[in-house]
Structures are given as C-alpha cells and as structure tokens.
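Asks: In case you want the letters, here they are:
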Amino acid sequence: MSIEQRQPVRVVVLGGGTAGWMSAAGIAALLPGLASVTLVESEDIGIVGVGEATLPHIRGYVEKLGIEEAAFMRATHATYKLGIDFRDFGRIGESYIHPFGSFGEKVAEVAFHHYWLELARQGLAGPLGDYSLAVAAARANRFTPPAQDQSLASTYGYAYQFDATLFGPFMREHGLKLGVERIEGLVTSVEREAAGGDVGALALEDGRRIEGDLFIDCSGFRSLLLGGELAEPWEDWSRWLPCDRAAAMPCAHVPGAPLRPYTTAAAMPAGWRWQIPLQHRMGNGYVFASGFLSEDEACAAIRASAEGEPLADPRVLRFRAGRRRNSWQRNVVAVGLASGFLEPLESTSIYLAQMAITYLIELFPEAGRIDDRDRDEFNRLVDMEYDRVRDFLILHYHATTRDDSPFWDHVRTMEVPASLADKLELWRRAGRIEKYSDGLFYDASWIAVYVGQGLLPQRHDARAAFADPMRVKAALDRLRQAIGEEVAAMPGHEAFLTSETTRLADPA
Amino acid sequence: MSAARDPLQRVVVAGAGQLGVLAAIGLRRALPGAEVVVLGLAPDPGALADRAATALPFTNRLHDRLGIAENDIVTRAQGSHRLVTRYFGWGEEGQGGAMPYGASIDPALRTRFAQEWGGGPRNAAGQMPAGSLGEVLADAGRFAVPPEGEPSPLAEVDYALRWHPDGYRALLIETARKLGVIHAPGELAAIEPDGAGGIAALSIAGAGRLPADLFVDCTGPAALLLTALPGFALEDWSVELPLRRLIVARPQQGMLALEDRFSLLSEGWLGEVAGRAGLQIALGVAPGVTEDAALRALGAPPLAGFQLEPGRARAPWLGNVVALGDAAARFEPLAHLNLDLAHRQLDLLLELLPGRAIEPPERAEYNRRSALTMDAVRDTLAAHYAAPAAQRVFGLPILPPALAGALDQFARRGRLPFREEAPLLGQEFQALLAALGFTQGRGPQAVAAQGPAASAAAEALRFRRQAEAALAFAPPYAEFMVR
Ligand SMILES: Cc1cc2nc3c(=O)[nH]c(=O)nc-3n(C[C@H](O)[C@H](O)[C@H](O)COP(=O)(O)OP(=O)(O)OC[C@H]3O[C@@H](n4cnc5c(N)ncnc54)[C@H](O)[C@@H]3O)c2cc1C
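Residue numbers (my numbering), protein chains in the order written: chain U, -15 to 492; chain D, 2 to 484.
This is chain D alone, in the form it adopts within the complex (with noise of 0.2 Å):
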C-alpha cells in the first residue's frame, strides 16, 4: 500500500516582491502545517514579473484558489480590466488588430479521454478566435464583470486584471501575515550546500541561519540560490529575441481604459499599460537606434533603462531549489508573460507539490512541462520580431523551428500545431497572429465548404446578436467602476 510522503514542513522563499509573497501564500496554504518563510530581500529592480503591474486571465484564476478576492485587487490596489491588447502597425502600413482573451475553463477538460473528434484542443482551424466580443465592448468602452455562475451576454467574456504593483504587494503581504507566513528581512551572507546539489541553509546577515526542505528562488533576474547551485545552466535567448533594450517611462496620468497598446514604431514596440493606477509606457528599442531617437520615442519622461539578455534556466528546479519568475526566465514584457509565466509555474509547483524527500522523477517532470511553457513563451515572443514591420525594425529573425513550422502552417495551411504547456490558447495564438498582421491561410475544408457564403452570413447574425446583446447588458465601463 501506499503511503502519504512526509510533507515539506519548511520552506523558505527568497525574495519579497509581488511573486514572492503570492508563492508563500500559495505555499503556505498547500502545507498548513509548515513554516513558510519569507526572505525580505529587495526586488531587483530588473525583475520584470515583481514589477509587472497586469497579467493574463490564468492569474484571475490562480488568485481564485489561492482566496485573493478580486473585489480587493479593485478597491485597494487600483485594479482595473482589460479586454483586448491592441496591435498597431506590425503588419503592412495601417494594419492593427486585437487580442482578445478565449474561453478559459474547458468544460472538456473535465472528461478529456471522452473528448469528440474535432473538440479538444487539437484544432482551431477555422475557428473564429474566441471571445472577440472583448472588442466590442473595449470599442464601445463597456464592460461589467459577469455575475458569477449566471447565464449573462457576458459569459463568454474573459479579461486580465491590472493593479498597482504596491497596492497588490501591500494586499498580498497582509493576506500572508493573516495565513501566517513568517517574514524574515535581512540581506543573504551566504549559501550552505546540501551536498546533493541543493542548499542546505541560508545565512542571513545579522539573523543566523535558515534551513529549509525547499527554497524558492524568487530573487529576479539574479536567481540568487539557482545560479549557486553546481548544476546551473542558462539557454540563452538572445538569437531568437533581438532586444536588447528597454526604457522604461514615468507613469503617466492614470486612465480607464479596457484595451492595452502595442504599436510598433521604427525605434522599436511602444507599450502602453492604461489603467487606474497610471498608464505605463515602455519602449523596447530596436538595434542601432540611439539613446535620443529611443527617448523622443517614448514621448514622456523616463524612469529607468534596462539591458535585457533573453533566456531561461536549462533546469528551473535543481537539488531542492525551485527558481520562479525572472529566476527561470527573463525577457521583455511584451505580451504580458512575464508575471503570466511566473504565475503558471507557481501553478506547477504547487500541482506537483514534492515531500520533505525530493524525488528525482518529479523534478524531472516539473522541468520537462516548465521548459515547454517557457519555450511557448519565447515563441510567442519571437512571433512579435517575426511580423511583416517588424522585420524592417529589428531585422530578419531567425525562427526556433516550433515557431517557424506553426507559422508556416497558418500562413499555407491556416492553422496551427497543438502546443503542450503553452501558456496561449489555439485561439488566443490565432488571434495574436492576425493581430500581428500574419495572414491566415485557407484550410482544405474552408477552401471546400459548400455554401460558405450562406454560412458566413449565418454566423455573422449571430455574432451581430450576440454583440448586441452584451453591449445592451454592459454599462459605461466608468459607470461599472464606480458602483
């Protein structure tokens, strides 16, 4: 028979920021029993998901579980919604499209060996990309947070939440010290190895020692307790994501806004994060464009510049040390995957959630799926540079083959290889594509359907009611925010 594995009874994670904390409240609630210990070392101010001020739906749900109410995000961190990004100018002169968000809680999911022929995952060929109602109503600038488990127009409606990094730390902090997650401040002196490729202890200065059974490495870019351990090694990124550069902005007046921006300029991307807690803006600059050029381009006053070297650690969890967010991978923010990919292998890690006695296999199974979902990243990414402009801006990109095959079979074929542990949807992928200005092809069964036109019209009705009947249900977005 089975036994239950000794649990972790302690773990400490290193680092305070915004992805830190999350982590011990997610761990802490896994293991009411352990001591869950928060090393208070600053932020890297490189750390892109600690200072990310919005994710990705998957991080509605992720709060959902770990009991972060999203009422509290709104009313005390400045939370605010997004429907769509916006893509301008990727494409040829004039092209802009949006991104919406598609339906996130698979029912299929639930039987998935019962999944039909055509359902699951597997194609979204020809499928218009779901949830484009987002846009409708980011046009219209209206929008109400569905009634929970009530039919509504809204339903099918997904969004991301942004906030203030402070406010949502803040809240964070005080939904930790209520759970008991114990805050340990103090600067690391040194590392104490296990002797089996983990650590052992942490000495912190002026505070002693800190055994644990894990350590989470939420530390930034730095991955202090990964990059300490014997079989740390990096995969750099830098060929297939060409910036090198990111100038980041003041923030700006905020705004209520249901759509964020990413235009591209012949100095690089423009991002543009509106929300009620300022609008921040960034500019990733191309290659060859100078300090100057890059700061009329941002068109506000800086806050800060950074050297970006694109990469992921070749094995995230090593010994007994888990490395999260820029710990794991660090690149550009770009589509809203920095904290969007530190929030999934949180996810993971508390899904395969080890006992005091680390089994190889599972580690070696946390590695495989996290490395998936930071390759989809990248990919994701590389698809920005890959785009028709984009090209002319930051030069021919070279493909990683995963990237270079979907691409190829959506422009030829209109569709799109299923991709296991990616962090978008088929559809969300498809749209990004379009919004980018990639062209979808025309699959066998488009080019064959009998009566298209008939259908096409028969489909657009539905979408006309469907469109209507959410605007009618909606109210000004500014109304819902001030209920």
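The following block holds chain U by itself, in its conformation from the complex (with noise of 0.2 Å):
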C-alpha cells in the first residue's frame, strides 16, 4: 500500500493570527492529499495584530503558494522594504541602514570592507553605505526591483511592509480557497490520550471537540498546547534582551513627506521605536524594559514622539525574549508567539514562523507516525535559526557607547553569550566574521551593524594596505558613481507604487 491511499493527517491549527493562517495555507497548499487541515481562532480573543515589516524571504512564501505579489500588496495595504534605518543606537545622532543587500564586492580574496576601513583610517572614504546599492535606493526613497542578472542592479533584496491585521485575513481567505475548514471559537480544554499522552482533541466552550493527529499551537503568547498543556520549559533570554513591553500607536502619515521604502528603528532611552510606513498609515510603537520605564511613561513618550496625527490611544503589549526549549513535542509543534519571542528589532518573527512551516512541511509526518528523528531535526534547525537571530539582535544593544540613561548602561555593560562574545572578538582582533550559510545573517549583515554602531576592529587585513589608496580611492568612488545612476534611474518607491495601479490598496 502506498503513503497516497492512507487517510491525510488530521492537522488542527490552534490560532488564527499570522501564525496560524500562514500554517494552514502553507500546509494545504503544500501537501495536498497528505493533510486535510482545520484551525480553530477566537474572535473574543483577537489576534496581537502587529507584525508589520519582513524579511525578503517572504517573498517566497507569496510566491510558492502561487499568490500574486499584486494581489497581495493591495490587500495587505503594503509598501516595499529595502532594509532598516537605525538611529541612535551606536552613538545618539548617528544613523546607518542595514539594507538587503551587500556592500562592494571582494577584491583578491580580501573582503570589501577590508579596503573600505583602511580607506576610511586615511579619510579618503565615504559612509559606508555610500557603497551599497540597498542603502542608496533607500536614502533616496527610490525603489524598483532588483535585476536577475549579476549586474550591479541585482545587489540587493526586497521585503514588504503590510498591515499586520490585514495579512492574517488575506492568508485565511487563501487557505479557505485551499480547502482549510474554519472552526470559530474558543478552546477551553485540551484532551489527552490515554496512551502515550499525546494531545487527542480540542474541547471548545460550546461543547464541540475537535480530534486531530497533529497540532500546530499558533495561539501566540498563551501558547496553549506547548507551553501551557505539555508545559515545555521556557528559555529565558530577557538578561540579554531585557525589552518586554511595547506601547504601538498607529498615525496617519505627515502630509507631504515621501513614503519610505524603509523601516526606522531609532533608539530611545529604554528601548527603541519602530517607524513602518504602510500605504495607508504609519505603524508606529515604542518597545522597551518595564524595569527600566513603566508603561504609562511609555505611552506619554510615543505620543509626544509620533510624527503623525495618532489614529488610536497607545495599546501596551506584553512580552518577554526567549523561546520554549523545544518547539516540537510529542504531537504539538509550536509556531509564531507559541514558541518563542525575539523582539522585532531585525523583523525576524514572521521569518521564524515561515521556516518553522518551512521544516514541518519537509518533516511532515510520514503516514501520519511521527518519527523521533524528523521532531529532533525540526527542534534542531529551528535552535540553529533562533540562536544566530538572538546573538545578532543582542549585538545592536552591546556594541553602543550610549551612556545617558541606565537601560544603555545595562545593555553596554551586560556580559553577551559566549557564542557572540567569540563574534566580537574575532572582529575586534582582526576584522573578520565568524562564518555560517544556514540560518539568517550573513557578512554583509553583521559587517552593517559593526560600522554602523561605530564598532569598528582594532585592525584590519593588511593586503588592504598593499595597492595604491589613490586607485583604491578611484574604484570606490566608481561604485559610488555608479550606484548613483542606478539609483537615479529608479522610480521614487510612491510613484512605483501608483504607476502599477494593481499594487494600490482601495483608499479606506
């Protein structure tokens, strides 16, 4: 008998937030005939409804389950991401974008910015973001798609800026399409198999149960099923990440100024502020360390920080950093909030719940047994992407020399994981970056934020130093040159946005 003629896996998706309808449309999608897929969601409960900015790898995503970028951005109200401008953080006045993209290209073997420090030692450089074309695009509000070729005009990525409440409604109506049934209501106790232990079926307040052979716990930070029912233990990271709260205040955009292509993370005395700019509106929140600030002094700080006429009063969300040891146990995989939380500093959240789906689909129950090996793969690739996330988001708070308030005196001072402490002294030492090509961020990434925030290496490779600076010198200001013109022969991101009518969201 073949794996085709079983019964499909009964998937029960708890959660109907961007986890959840991201899961059970990934899920049906993908694995037809495999899985027949119900979520059950609580309107009483709501979803957290932000989220706003993405990584490039979501693209991906709309585009394997065969969903049209236009479509998409006009449902979603959404604007291009070129990368994120960070402000503050190094020093208070100083600002750098860490873009989509790369910075030069390496020269006999030495790195790009190999040449640019030992230029910069000697004045002769620009920013570093002078030199990659992500960056430029950005400053400029321009934006139109990268190439397909290797020409210059490929050098960078895109993401999308959407409206959080808006994304989960679109996926659901495309895993309604996909044949994903829809149970409204609230779950009030789970049921537990006699043998084995595993989770049997759902019991909702109306007295309905829903039975299934696998279930995916997106029901956010309560986490139901892994974290509250299999009471998985918690990993906590707030002593490197101490931000658990955010106070989001949506605004109307300032009349007149340019939608930016980008996302703005500037810092603030116990936190830092996200500025995304939707096609409608301007998300807009402050998230920061309860020990450090209370939430009303929070909520008082968005609203005179804003730039936009407020559309609501600020609304507090709670949170704290870390993840649930394992994400996969017995038959629960946890995805989004229910596995664990990194703050929105690098918008990572949603990228993690997309390879989460990612891996479960490529380990997805064969005949519906779950093998121990696929779960302690799965546990491990989705370690691996947390972790290297972790240690990234950590290093925009350490490598500061901000000393006007104790929250940056915490940060600055804190003693880091040793797997990033081994980071930075590989780079402080000699300019280079620990090497990995799974998982998020890569050279270009880390090399953005040690410039950006000032960090720079004690020394640098000394072939940097062996060809004339003077040529060096002309070959930078070439690229620069260069990615002048392409920038220039880009389309501001608005007019990009209006001239593809198909783009543009219905005004509300």
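These are calculated hints, taken from the structure and not from any lab test. Check before you lean on any hint, since a few could be wrong.
[Said to hold, decoys possible] Here are some of the chain D residues that sit facing chain U, going by a computed Cβ distance under 8 Å:
no.: 1; residue: Ala4
no.: 2; residue: Asp7
no.: 3; residue: Pro8
no.: 4; residue: Leu351
no.: 5; residue: Glu352
no.: 6; residue: Leu353
no.: 7; residue: Leu354
no.: 8; residue: Gly356
no.: 9; residue: Glu360
no.: 10; residue: Glu366
no.: 11; residue: Asp409
no.: 12; residue: Gly444
no.: 13; residue: Pro445
Ideal Cβ placement from N, Cα and C applies to all residues, glycine included.
Build the complex from these two chains, which are given one at a time in their own frames, with help from the hints.
Replies: In structure tokens:
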C-alpha cells in the first residue's frame, strides 16, 4: 500500500493570527491529499495585530503559494522595504541602514570592508552605506525590483511592510480556498490520549470537540498547547534582551512626507521605537524594558515622539525574550509567538514562523506517524535559527557608547553569550566575521551593524593597504557613482506603487 | 580607527610537492612584499594530496585566481577533463551510477541575505541532481570546454581536471620562480620553538637557519612541523573509515575518457583514474583479504603499497604553523578528495591570512571551519563504506552521527540536511548517494504533488532538449583535445 492511499493526517491549527493562517495555508497548499487542515480561532481573544515589517524570504512564501504579488500588496496595503534605518543606536545623532544587500565586492580574496576600513582610516572613504545600492535607493526613497542577472542592479533584495491586521485575513481567504476548514470558537480544554499522552482533541467552550493527529500551536503568547498543556520549559533570554513591552500607536502619514521604502528603528532611553510606513498609515510603537520605564511613561513618550496624527490610543503589549526548549514536543508543533519571541528589532518573527513551517513541511509525519528523528531534526533547525537571530539582536544593544540612561548602561556593560563574545573578539582583533551559510544574517549584515554602530576592529587585513590608496579610492568612487546612476534611474517608491495601480489598496 | 595589520614578511612553506608549491604561489600572490621560501623537502611517498593526479572543480577556480592557466595544464601536464565519476556495484547486484558536478558558482551567494524561500543551500530535496548533462556527454564521449562568458548548451556543465603530477608540478615550479618564490633545498635538521606554541626558525642541514613569521606544513602525513608543536593532537578516524591498506599499480597506457571509476569488488574497491597521462589504478584492500587475492584484483603490476591510518589534526593551525593536505588530514584516495581538501584549506588560509602577529580568534576560526570541512570529507568517505554492498565487503559501518542523520533523512524523507563548509554541494552529495546505491525516499511534498505525471514528463522533455543541444554542440572529446 502506498502512502497516497492512506488517510490524510488531520492537522489542527490552534490560532488564526499571522502564524496560524500562514501554517494552515502553507500546509494545505503544499501537502494536498497528505493533510486535512482545520483551524480554530477565537474572535473574543483576537490576534496580536502587530508585526508589519518582514524579510525578503516572505516573497518566497507568497510565490510558492501561487499568490500574485500585486494582489497581495493591494490587499495588505503593503509597501516595499529595502532595509532598516537604525538611528541613535551606537551613539545619539548617528544612523545607518542595514540593507537587504551587500557592500562592494571582494577583491583578490580580501573582503570589501577591509579596503573600506583602510580608506576610511586615511579619510578617503565615504560612509559604508555609500557603497550599497540598497542603502542609496532607500535614502533616496526610490524603488524598483532588483535585476535577475549578475549586474550591480541585482545586488539587493526587498521585502514588504504590510498591515498585520490585514495579512492574516488575506491568508485566511487563501487558506479557505485551499480547503482549510475554519472553526470559530474558544478552546477551553485539551484532551490527552490515555496511551502515550499525545494531544487527542481540543474542546471548545460550546461543547464541540476537534480531534486531530497533529496539532499546530499558533495560539500566540498564550502557547496554550506547548507551553500550557505540555509545559515545555521556557529558555529565558531577558538578561540579554531586557525589552519586554511595546506601546503601539498607529499614525496617519505626515502630509507631503515621502513614502519611505524602509523601516526605521530609533533608539529611545529605555528601548527603541519603530516606524513602519504602510500605504495608508504609519505603524508606530515603542519597544521598552519595563524594568527601566513604566507603561504610562512609554505611552506618553510614544505620543510625544510620533510624527503623524495618532489614529488610536497607545496599546501596550507584553512579552519576554526567549523560546520554548523544543518547539515540537509529542504531536504538538508550535509556530509563531507560541514557540518563542525575539523582539522585532530586525523584523525576524514572521521569518521564524515561516522557517518553522518550511521545516515542518519537509519533515511532515510520514503516513501520520511522528518519528523522533524528524522531530529532533526540526528542533535542531529551529534552535539554530533562533540562536543566530538572538546573537545578532544582542549586538545592536551591546555595540554602543551610549551612557545616557540606565537602560543603555545596562546593555552596554552586560555580559553577552559566549557565542557572541567569540564573534566580537574575532571582529575586534582581526576584522573578520564568523562564517555560516545557513540561518539568517551573513557577513554583510554583521558588518553593517558593527560599522554602523561605530564598533570598528582594531586591525584590518594587511593586504588592504598594499594597493595605492588613490587607485582604491578611484575604484570606490566609481562604484559610488555607478550606484548613484542606478538610483537616479529608479522611480520613486510612491511613484512605483502608483504606476502599477494593481498594487495600490483602495483608499480606505 | 582601525589600522592595517603589519603584513607577514617571511613565510616558509615546508615541502615542495605540488601542494607546497601551489601554496607558495598563493602566498606570494597575496603578499607581494614578503619573502616566500619553499623548503624543498622531497614529497613524502605517502602524501596522497601531493601525488594526486586530479582534484575536483573547486581546484579550477583556485587555479584561476592564482593565475594557473587551465590550458597550460592541458598542454604541458597532459591535462584532461572528467565530467563524472562512475560507481559500479556499490548498491545491489548490477547497480551503478554516475556522480556529476553541480553548478559551482551560485549567483545567490552574492546577495545571500536576499535569498528567497527555498533558495540557497538549504534544501536540495526533490531536485534533479544538477549537471547530469555531464553524464549524457560522458556516455557519448563528447565534450568541449564551454566558451567563457558566452551562453552555450554546455554552460551548466562543470568538470574536474586530471594531469600528470610531474608535469603539473614542473608547471607550478616555473610559475613560482617567475613570481619570485625562493627555493631552499636541504634537509630539516632541527626545529627551533618560539616559546609561544609555534616555531621561530627551522635549521637546514648545511644551509643554516630559516626563520619566518608563518610556517606552512606541506610535508605530508609525517606533518614534520605540526607534530613538533606542544599542542599537537590527532583525531583518529579508523573507527569510521575501515580501510587500512592501499595498493597502487604501475600506471597503464593513457586514455582519453570523460569519466573515472570506482568499482566495488569482493577484495575491496578498485579506482581507475583515466587520462592522457596514464591510467592510474589503485585498490583499497578490504580487511582480511590476502595479498595474493588483492594483487589479482588489482589486475596490473603493483607499484607501491601503503598502510593507512586515517585521521586528522585536531587543530591544523597551531601557533604560527598551518598544516595543509596530508599533514592536516589523511585518508584514502576514494572520491578525489585528497587534493580538493588541501586546496580548500589553502583557500581558507588565503581568505583568513593573518598579519605578522597572529590573533588567537582568527586561528580558532580557521580551525573551526577547517575541521568542519575535514569532518565532512570523512563522512563523504564513510558514506561509501555504508553503501549496501560495501557493508558486505568492509563490515558493518560505524557511522559518524551527522552522517547517520543524513542517511536516515535521505532514505526516509528524501532530503539532506545542509552542512556548513562541506566539500560537496547538496546536489552533488545527493548524486553520490544515488550512485552508491542508496535509495532516496520521497519527501512529503513529492508525495503530495498533484499531477506528478504531467510535470515529470515536462521536466523530462526539457532535459532531453537540453541534452540534444549539448550533444549537437560538443564535438567528440578526442577532436576537441587535438584542436
Ligand atoms: C510589538 C510587536 C511588534 C512586532 N513587530 C514585528 C515585525 O515588525 N515583524 C515581524 O515579523 N514580527 C513582528 N512581531 C511579531 C508578530 O506580530 C508575530 O510573529 C505574528 O503576528 C504572529 O503572531 P501569532 O500568529 O503567533 O499570534 P497571534 O496573532 O496572537 O494569534 C494567536 C491566535 O490564537 C488564537 N487563540 C489564542 N487562544 C485561543 C483559545 N483559547 N481558543 C481559540 N483561539 C485562541 C487567537 O484568537 C489568535 O487567532 C511583533 C510583535 C510584537 C509584540
């Protein structure tokens, strides 16, 4: 008997936020016949409703599900994103863009940043961002999709900024078309199987029971199944990432201000503030550490610093940094906030959910039987993803000279995880990046943050100083010039959106 | 502000085999102001990287960067091209398969952060092994090196080079001379420690003292420099790699062929590396096989026999000494990995080239990455001995955990976990496993795919067209070689 003839695995997704609908639609689309998907969500509880900035990988998800980009952007009021502008992190008054793209190219085995460091020492180089097409385009508020060749115009990527309250519903519509069964109701208890202790069914407030073989816990911070019912231990990372609250307050766009193709993260006395431009409004919020700032103070601060007309009162969200030790335990797989949380400083949360879905689909229980080896492999991959993001986020706080508030004093002087301490030593002493090719954030990202936050190495590669500095300068000038010409030829971000009206949402 | 490091001023490469000389070329190109000295110790007969008559496509790229022209290798070192390695008998009765080379320069790597979902190194699951055009061409005996930078039906076909080691080494020596690499003949008399875990100078019999900032140990399995250091430790691979004896035959009449072969016999594995320079035959002797039986299986007059003690240096960079090739790791010449590994290590050294003062973290990073590659090499070899029929010849394998996990995932789920710093691309390893007779499971997506018949047919048609175009474009290989 072949696998195809077996009964489909009954997948029950608990939760209808971004993670829930991405999981349900992804499984329904990619494993037709292998899985039947039921999703339970409760309007009474609602969704977290934030999470607007993404990473380029999301495009792969959209594409793989056969969703048309234009329709998707229109439905979610999305804009394009080329990177994140970090302000006041290394030092007040300084800013840099961490782009979806690279800086220059290596020459004779030596990475570009060594040449840049050498020229900068001699006062002959512009800011590092001058040598990145993504940064230059972002600064000019221009956008066009990257070329599909090997040219300079191919050296960047892009993501979306979308309305989090519209993305879930969009995926819901798509999921329903793919045959996902949706159940509205409040889960009040969880039934376990007598033999083995797997989750057998969810019981709803109105008495309905939903049986399943595999449960995907997308219940958000509640983590109802993995954290609650199965009591999977929590690994706490708040000693390195002390921010545990956000005060979110959407605003209208400032009339006449250009629509930025990037997210802004501005450091604040007890955390940082995001600004995420959408088509119809500006997402806005203050991520802060409650140990250093009260909720009322944070709400006052976000009101005071918001640039556009507020569209709602500030809403406070609570969270903590860390993750469940295992995201897959028994027949429960947690995806999204139910699995763990890393603050949105680098817009990684939806990416982490997407990766978990990817891995789950690759390791989906064969003939409905969960094999320990597949579960272990899933947990290994999820851990790898989380750990890499974690170190990179901590760097943003630690690489600073700020001593203007107790919060910055704390993060500047705290002891960082050994894995990050090693990376920092390698950079400080030799200007090199610890290399990996799986997971998130490679050399260019680390360099952007190190340099952008003023953490320069003590020494760089000797070979960068061999060539005549004027010749290296000429080469860098040519690169900057070529980037300038590319950018000048790009349409404005807003113009690009309006020129293809299929991408524009109906005026609300 | 960061300052440039003081560059290395003197580098001594110990060992003048083909590896040592290429290392000297690389170092000299990287450090035009430095003195690069090759201490001309005769290559150790057991140095398999130094004796290798071939490598993998990675070496072609390294040669390009170091200014070694492929054409010179072809015309002056009897160079020839390999498109596939064929495996016979490793699976069940009559099973065979070919391992081609996958797309080697991945444009996605240029903006890796922008990798899309499913792109990048992560999942090779469910894809056709890339480069199987290579097999079509090898079957037909047709090939031409694709014209550079032009679109051609062969643009996706990657290949490895073979050569005559003496001719190749002579070519490298000539290049090294032109670049101003200094040759210091002589025997190593003593090693003078620097008191910091490294070496201050080498004493050369009759030629005095050879001090340096950095020493590169290319002395073969003896690892004369590295083993002299207090921090030296060996990691034994003899549990994972059961082969102990290798017999090499006298080279046979050269032949033009686009493939090499590894066949599993009841006496062990028989390697046949073709090429204009001569057919090189070697037998990896299975445990318990008598010398007589082994010689019969070799099928040609023997030239030399080697005892193998597979393993690697725990840390190939200690103090100011970096060991490359057999000095860092030794293992059988089973999948053309000996020189490939050595060249990857050389490339890594050039990437992480230290200044005069070596920083401990950069040494640690080199050792970390180099160890990842060496262990991936070990696991690639171990996969051979875990092949269905090989288990009957070499005994039940004891699998390294990462390989056990990969084989399990391959068999049950049709996927291979990504491995950092591995010498083979995901698709290449997948092709190797298929050639070795491992059965690839079907991943959930493949099982669920709707209308598989239609899309498989379309895929097959597309491939057939590609293959026809490639065959029409490529002349018979012999014709290409006399051009
Ligand atoms: C301040 C902040 C800013 C963020 N910014 C970003 C960003 O810029 N980029 C990014 O990628 N991510 C961001 N995130 C993370 C992002 O919001 C989440 O990863 C994403 O929204 C997924 O959430 P979720 O689906 O896991 O949870 P939720 O949206 O909370 O969904 C939980 C679901 O479970 C249901 N549920 C819960 N309990 C029950 C029950 N008992 N019965 C029935 N249903 C139940 C709820 O009704 C709901 O449908 C941010 C998060 C925060 C807190």
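Asks: It remains to establish, for every hint, whether it holds in the given structure.
Replies: Against the structure, the hints:
1. Ala4: holds, 6 Å
2. Asp7: Interface hint status for Asp7/D: holds (7 Å vs cutoff 8 Å).
3. Pro8: Hint on Pro8/D: holds, closest Cβ of chain U at ~4 Å, below 8 Å.
4. Leu351: holds, 5 Å
5. Glu352: With a minimum Cβ separation of about 6 Å from chain U (threshold 8 Å), the hint on Glu352/D holds.
6. Leu353: This interface hint holds because 7 Å falls under the 8 Å limit.
7. Leu354: holds, 7 Å
8. Gly356: holds, 5 Å
9. Glu360: Holds - the Cβ of Glu360/D comes within 8 Å of chain U, reaching about 4 Å at its closest.
10. Glu366: holds, 6 Å
11. Asp409: Given a least distance of 6 Å, the restraint on Asp409/D holds.
12. Gly444: Holds. Min distance 6 Å.
13. Pro445: The hint holds - Pro445/D has a Cβ within 8 Å of chain U, the shortest such distance being about 4 Å.
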